[in-house]
Amino acid sequence: MKKRENQNFLKRIMAIRGMGQVVTVAFGLIVLCIVFGILNPTFFSSRNVGNLLRQIAPILLIGIGQSYVLITGNIDLSIGSVVGMSCMISATMMTKGANPWVAVIITYICCIVVGALNGQLVAACKLPPFIATLGTMTIARGIAQIVNNNYNTDSIGSAAEGFKDFFYYGKTLGIYNTIWITIVMWLIFNFILSKTRSGRYVYALGSNIEASRLSGVNIISTTTKAYVVSSICACTVGLVICATSGMGTMDAGNGYEMYAVAASVIGGVSTLGGQGILLGTVIGASIWGVLQNGLQFAGAPVAIRNIVIGIIVVISVLLDVVVRSGKPRRKRIKSEVAQDNEIKA
Amino acid sequence: MQDYIVEIEHLNKSFPGVKALDDVSFNLKPGEVMALLGENGAGKSTLVKILSGVYTKDSGNIKIFGQRVDDLNPKKAQEMGVAIIHQELNLCPHLSVAENIFLGREITHSRILSDKEMNKEAKSILDRLNIDIPPETIVGDLAVSKRQMVEIAKALSINAKILIMDEPTSALTSKEINELFKIIRKLKEEGCGIIYISHRLEELQYIADRVTIMRDGKYITSMNFSDTNMKEIITYMVGREIKEKFPRINVKRGKKILQVNNLNAGRLVRNINFELYEGEIVGVAGLMGAGRTETMRAIFGIDRKDSGEIILDGKPLNINRPQDAIKAGIVLVPEDRKRDGLCTKLSVHDNIALPNLDILCDSAGVVDKRKERTMVEKAVEELMIKLPNYDVNADSLSGGNQQKLIVSKWLARNSRVVLFDEPTRGIDVAAKVEIYNIMNDLKKRGIGVLFVSSEMQEIVGISDRILVMCDGRITGELDYKDASQSLILEYATKFDTKIDDVAIA
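Heads up: the sequence lines are chains D and A, in that order.
Heads up, the first sequence is in our numbering, so the first residue is 1 and it goes up one at a time.
Heads up, the second sequence is in our numbering, so the first residue is 1 and it goes up one at a time.
Any given hint could be a false lead.
What the hints assert, rightly or not - Label-pair restraints from in silico Cβ distances:
no., chain 1, residue 1, chain 2, residue 2, range
1, A, Asn229, D, Arg213, 42 to 48 Å
2, D, Val302, A, Asp362, 48 to 54 Å
3, A, Thr137, D, Cys125, 36 to 42 Å
What the hints assert, rightly or not - In silico DMTMM-like links for lysine to aspartate or glutamate, alpha-carbon gap of 20 Å or less:
no., chain 1, residue 1, chain 2, residue 2
4, A, Lys49, D, Glu210
5, A, Lys49, A, Asp22
6, A, Lys75, D, Asp251
7, A, Lys327, A, Glu372
8, A, Lys120, A, Asp132
9, D, Lys195, A, Glu117
10, A, Lys175, A, Asp496
11, D, Lys195, A, Glu121
12, A, Lys146, A, Asp132
13, A, Lys218, A, Glu9
14, A, Lys345, A, Glu372
15, A, Lys161, A, Glu121
16, A, Lys378, A, Asp391
17, A, Lys182, A, Asp209
18, D, Lys195, A, Glu106
19, A, Lys63, A, Glu9
20, A, Lys252, A, Asp464
21, A, Lys120, A, Glu136
22, D, Lys195, A, Glu136
23, A, Lys231, A, Glu202
24, A, Lys444, A, Asp496
25, A, Lys218, A, Asp23
26, A, Lys29, A, Glu136
27, D, Lys11, A, Glu136
28, A, Lys76, D, Glu210
29, D, Lys11, A, Asp115
30, A, Lys123, A, Glu179
31, A, Lys19, A, Glu32
32, D, Lys195, A, Asp22
33, A, Lys386, A, Glu434
Bear in mind the hints are in silico, worked out from the structure with no lab data behind them.
Think of the CB as a built atom: it goes at the ideal place given N, C-alpha and C, for glycine as much as any other residue.
Based on the provided sequences and hints, a complete structural model is requested.
What follows is the structure, given as C-alpha cells:
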C-alpha cells in the first residue's frame with residue numbers, strides 16, 4: 001500500500017512541467033556536494049553550510065528575476081548594474097544621515113523605474129532586449145558611480161545596525177535573515193508565476209507572442225512586469241551587499257547578469273522562452289554556489305574557479321539552445337507538415 | 001426565408017497598387033458550409049480578413065447577425081462570434097490544450113488560476129466535438145492535425161457562430177479529414193455558419209452546401225453546390241480573356257541542357273522528372289503550396305535533396321550548396337527579390353559584382369577594379385537597366401529594374417540555366433514585357449529557361465512547354481498549343497485523393 005502511494009506521488013511530481021530537468025540537475029547537485037565533501041570534510045560543517053546558503057541566496061534572487069525575463073523570451077543584462085545602483089543609492093543616503101528604511105524604500109523605487117524603463121523599451125519601442133538592457137546596464141552603472149561623486153561610500157555607521165542585521169548579519173529562529181528573505185521572495189514570485197493569470201501570460205509570451213496578442217494578452221504590461229520583478233530582485237541583492245560590507249561599492253554586482261542566466265539555464269529555464277520553473281533556478285543557483293564554495297575550499301586559485309564556472313555557463317546555454325531548437329515545439333509548423341503528413345491513410 | 005448571419009454588399013478594399021476587392025458581395029446562412037473559391041490573388045483571404053477584423057474595409061456594408069458593423073477589429077469580431085482558423089496555427093506550443101483554449105480569458109477564483117475547472121471545461125468542449133485529446137496535453141507534443149482541432153475548440157469556447165477555415169485539410173491525412181468533417185457537420189447542426197476556403201476542389205463534394213467564386217477581386221457568382229459541377233466551377237474561377245500581349249518568339253529547339261531525375265526533397269518535391277532544352281521556355285504552373293519554389297530551391301542547392309540526379313549538358317552534377325549550382329552554371333532568380341535576390345543596401349555595382357568576385361579577383365583575392373567596371377557596364381547595357389549611375393542603392397530601383405539587375409548578375413558569368421521564381425510578381429505591365437523579352441533573349445541564346453509563375457495567363461502566353469505541379473508532384477505536361485487555363489487548373493488541383501468514398505457515411 002505504501003509502495004503504491006509512493007509510486008503515485010513520484011508520478012505526480014514528475015508530471016509537473018519542467019521537473020525532468022530539475023530532477024536531473026538535482027542529482028548533479030548531490031554528486032557535486034559529495035565530491036566536495038570528500039575532498040574536504042569541513043564542507044559539511046554547520047558553519048560552512050550556513051555560509052554556503054548565504055552565498056547562494058543572492059544568486060538565487062537575481063536568478064529568479066532573470067528567470068522571469070527569460071521565460072518571456074527576453075533577457076535582462078542590466079541586473080548587475082542595478083545591484084550596484086541599489087548598493088550605492090542606499091549606502092549614500094545612509095551615510096548622509098537618512099533613515100535606513102527610508103533609504104530602502106527610495107532605492108526600491110529607483111530600481112523599479114529602471115525595470116519599467118526596460119519593459120517599455122523592449123515591448124513598446126520594440127528594441128531588441130539585448131540592446132535595450134545593454135543600454136540600461138550602462139546607465140545604471142553610471143548612476144551608481146555618480147551618486148557619490150565617483151567614490152565608494154564611507155561606512156554606513158552605527159545608525160544602520162538594524163539595517164545590517166536585517167539584510168545580512170541577523171538570524172531569526174536560528175537561520176540567517178538573508179536566507180529568510182530569499183525564501184519569502186521565492187515563495188511570492190513562484191506563486192505569481194505558477195498560480196496567477198500574470199504568471200500564465202509570462203509563459204504565453206515566451207511561447208508564442210503572436211498567439212498571445214491575438215488572444216488579448218497585453219504584451220507591454222506582461223513584459224514590463226517581468227522586468228520589474230527582475231529589478232526588484234536585483235535591488236534586494238544590492239541591499240544585501242550594502243549590509244554585508246557596511247558601505248557602498250560602485251562595482252557591486254559586476255557580472256551578475258551572466259551568473260543569473262547560468263543559474264536559470266542550468267535549472268531548466270530556456271533562453272528561447274516559454275519554459276522552466278523557479279524550482280529549477282533554486283537548483284541552478286545552488287550548483288553555482290556550491291561550485292564557488294567548493295572550489296574555494298579545495299584551494300583552487302581564483303583563475304581556475306573562473307574558468308571552470310565560465311565553461312559550465314557556456315556548456316549549459318549551448319545545450320539549452322541546441323537541444324531545444326531541434327525540438328518540435330516550434331512556433332512555425334510548416335516543416336512539421338512534412339514530418340507528420342502520411343501520404344496514404 | 002432564413003436570415004443570413006453574414007451579409008456583405010459593395011465591399012471595396014485597396015492596397016497600394018492593387019484593388020484587392022472590387023464591389024464584392026457575400027452572404028452566409030446559419031447551419032451551412034459555404035465554400036469560398038478562387039485562384040491565388042482572387043481576394044478570398046482579403047475578404048475573410050475584413051470579416052474577422054484584421055483588415056478595415058474601404059467602403060461597403062457588412063451585417064453580422066443582422067447588425068450593421070462598420071468598425072470591426074479582431075476583438076470586436078470575436079465578440080460578435082466570428083472566429084478564423086488560419087493555415088498557420090496560432091497556439092502557444094509550451095502551454096497545454098486547456099491553457100491555450102482559455103488564453104486571455106482564464107477562469108480564476110480570487111486571483112488564483114483554477115486549472116482544474118479550466119481542464120474540466122476544456123474537456124467538455126473537446127467531448128462535444130468528439131475530439132479525443134486530454135486537455136492537459138502540451139500543444140507542442142501534438143501532431144499538426146490535432147493542433148488544428150484545438151484551434152477549432154478554442155474558437156468554439158468563445159461561442160463562435162461564424163467559423164472561417166483557411167485550407168483546413170492541407171495538413172491532414174484522410175482519416176483526420178474524416179474526423180474534421182464529422183466535427184464540421186456537428187457544428188452545422190448547432191447552427192454555425194462555416195466559410196471554407198480550399199483549393200482541394202475534389203473534397204468539396206463531401207462538405208460544401210453552397211459555393212461562392214471570386215476572381216481578380218470581384219465577386220463572380222454563388223450557387224448551391226448540388227446545382228453545379230467541377231467543370232463549371234473551374235470555368236468560373238479562371239475564365240478571362242488574355243488582355244496582355246505576350247511577346248512570343250519562335251526558336252528552333254536545340255539539344256538537351258538539363259535533365260532532372262527522381263528529385264525528392266521533403267513532402268513538397270516528390271519524384272520530379274523533367275528535361276530542359278535549348279531554345280525553349282518551360283513554365284511551371286500550380287497553386288500555392290504545390291512545391292514549385294521548393295523544387296527550384298532543391299535544384300539550386302538551397303534545400304537538401306533526399307535523392308535525385310541533376311545532369312547538365314550530359315554531365316551529372318553534385319549540388320549540395322548554391323555555390324555548386326552557380327559554379328556549374330545553374331542560377332536562380334528568387335521569389336522574394338528584395339530579401340533573397342539583392343543586397344538592397346549595396347549599390348548596383350556591388351550587386352552585380354558580388355556573385356562574380358571569383359572571376360574578378362586575382363589569386364591573392366584582390367578585386368580587379370577595371371574588370372569589375374567593364375562587367376557592370378556591360379551588364380547594365382545588355383539588359384537596359386534604367387539608373388542614374390552605378391552607385392545608387394539597389395533598393396532605389398523600380399521592381400522591374402531590380403529584377404533585371406538580378407538577372408544581369410547571373411548573365412555576367414555565362415550561366416547555362418536560369419531558374420525564375422515568380423519573375424513578374426509586383427511589376428507593372430510595361431516592365432513585365434521587358435522581363436518576357438529577357439527570357440526570350442535567353443531562349444535565343446540557347447540558355448535554358450525554367451520559370452515558376454502563379455499567373456496562368458503569362459504561363460500560357462510565354463512558355464513553349466508547361467509543367468503543372470500539385471502537392472509536390474508533376475501532374476501534367478503540356479505543349480503551349482494544347483494548353484488552356486482550365487486544363488492547367490485541372491492538373492493543378494489533382495491532389496492524391498485522400499478521401500475514400502466508403503468512409504464518408
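Hint check results:
At about 43 Å, the beta-carbon gap between asparagine 229 of chain A and arginine 213 of chain D stays in the expected band of 42 to 48 Å. One distance hint, 48 to 54 Å for the beta-carbon pair valine 302 of chain D and aspartate 362 of chain A, holds here, with the actual separation near 51 Å. At roughly 37 Å, the beta-carbon separation of threonine 137 of chain A and cysteine 125 of chain D lies within the given 36 to 42 Å, and the hint holds. Of the supplied pair hints, the one linking lysine 49 of chain A and glutamate 210 of chain D holds, its CA atoms being roughly 16 Å apart against a limit of 20 Å.
A distance of roughly 15 Å separates the Cα atoms of lysine 49 of chain A and aspartate 22 of chain A; the hinted pair therefore holds under the 20 Å criterion. A distance of roughly 49 Å separates the Cα atoms of lysine 75 of chain A and aspartate 251 of chain D; the hinted pair therefore is violated under the 20 Å criterion. For the given pair, lysine 327 of chain A sits about 18 Å from glutamate 372 of chain A by alpha-carbon distance, which is consistent with the 20 Å threshold. A distance of roughly 14 Å separates the Cα atoms of lysine 120 of chain A and aspartate 132 of chain A; the hinted pair therefore holds under the 20 Å criterion.
Of the pairs offered as hints, the one joining lysine 195 of chain D and glutamate 117 of chain A holds, with about 13 Å between alpha carbons and a cut-off of 20 Å not exceeded. Of the pairs offered as hints, the one joining lysine 175 of chain A and aspartate 496 of chain A holds, with about 14 Å between alpha carbons and a cut-off of 20 Å not exceeded. A distance of roughly 18 Å separates the Cα atoms of lysine 195 of chain D and glutamate 121 of chain A; the hinted pair therefore holds under the 20 Å criterion. About 9 Å separates the Cα atoms of lysine 146 of chain A and aspartate 132 of chain A, which keeps this hinted pair within 20 Å; it holds.
Restraint check: the Cα-Cα separation between lysine 218 of chain A and glutamate 9 of chain A comes to about 12 Å, which is no more than 20 Å; the hinted pair holds. The straight-line distance between the Cα atoms of lysine 345 of chain A and glutamate 372 of chain A is roughly 19 Å, inside the 20 Å bound, and the hint therefore holds. Straight-line distance between C-alpha atoms of lysine 161 of chain A and glutamate 121 of chain A comes to about 19 Å, which keeps the hinted pair within the 20 Å bound. A distance of roughly 15 Å separates the Cα atoms of lysine 378 of chain A and aspartate 391 of chain A; the hinted pair therefore holds under the 20 Å criterion.
With a C-alpha separation of about 15 Å, the suggested pair lysine 182 of chain A and aspartate 209 of chain A falls inside the 20 Å cut-off, and the hint holds. A C-alpha spacing of about 11 Å is found between lysine 195 of chain D and glutamate 106 of chain A, which places the hinted pair at or below 20 Å, so the restraint holds. As the CA atoms of lysine 63 of chain A and glutamate 9 of chain A are separated by approximately 9 Å, the hinted pair is consistent with the 20 Å bound. A hinted pair counts as satisfied when its Cα atoms are at most 20 Å apart, and lysine 252 of chain A with aspartate 464 of chain A qualifies at roughly 11 Å.
Simply put, lysine 120 of chain A and glutamate 136 of chain A have alpha-carbon atoms about 10 Å apart, close enough for the 20 Å limit, and the pair holds. Distance hint between lysine 195 of chain D and glutamate 136 of chain A is fulfilled; the C-alpha atoms sit about 16 Å from each other, no more than 20 Å. With a CA separation close to 11 Å, the supplied pair lysine 231 of chain A and glutamate 202 of chain A stays within the 20 Å bound. Annotation: proposed proximity of lysine 444 of chain A to aspartate 496 of chain A is violated, straight-line Cα distance about 38 Å (limit 20 Å).
Pair hint lysine 218 of chain A plus aspartate 23 of chain A holds up; C-alpha atoms about 7 Å apart against a cutoff of 20 Å. Restraint check: the Cα-Cα separation between lysine 29 of chain A and glutamate 136 of chain A comes to about 35 Å, which exceeds 20 Å; the hinted pair is violated. At most 20 Å may separate the alpha-carbon atoms for a hinted pair to count; lysine 11 of chain D and glutamate 136 of chain A meet this at roughly 15 Å. Taking the CA atoms of lysine 76 of chain A and glutamate 210 of chain D, the gap is near 18 Å; set against the 20 Å cutoff, the hint holds.
A C-alpha spacing of about 19 Å is found between lysine 11 of chain D and aspartate 115 of chain A, which places the hinted pair at or below 20 Å, so the restraint holds. Restraint check for lysine 123 of chain A and glutamate 179 of chain A: satisfied, since their Cα atoms lie roughly 17 Å apart, inside the 20 Å limit. Simply put, lysine 19 of chain A and glutamate 32 of chain A have alpha-carbon atoms about 29 Å apart, too far for the 20 Å limit, and the pair is violated. Using a Cα cut-off of 20 Å, the hinted pair lysine 195 of chain D and aspartate 22 of chain A is violated, with the two alpha carbons roughly 50 Å apart.
Distance hint between lysine 386 of chain A and glutamate 434 of chain A is fulfilled; the C-alpha atoms sit about 12 Å from each other, no more than 20 Å.
Checked against the numbered hints listed earlier, the structure breaks hints 6, 24, 26, 31 and 32; every other hint is satisfied.
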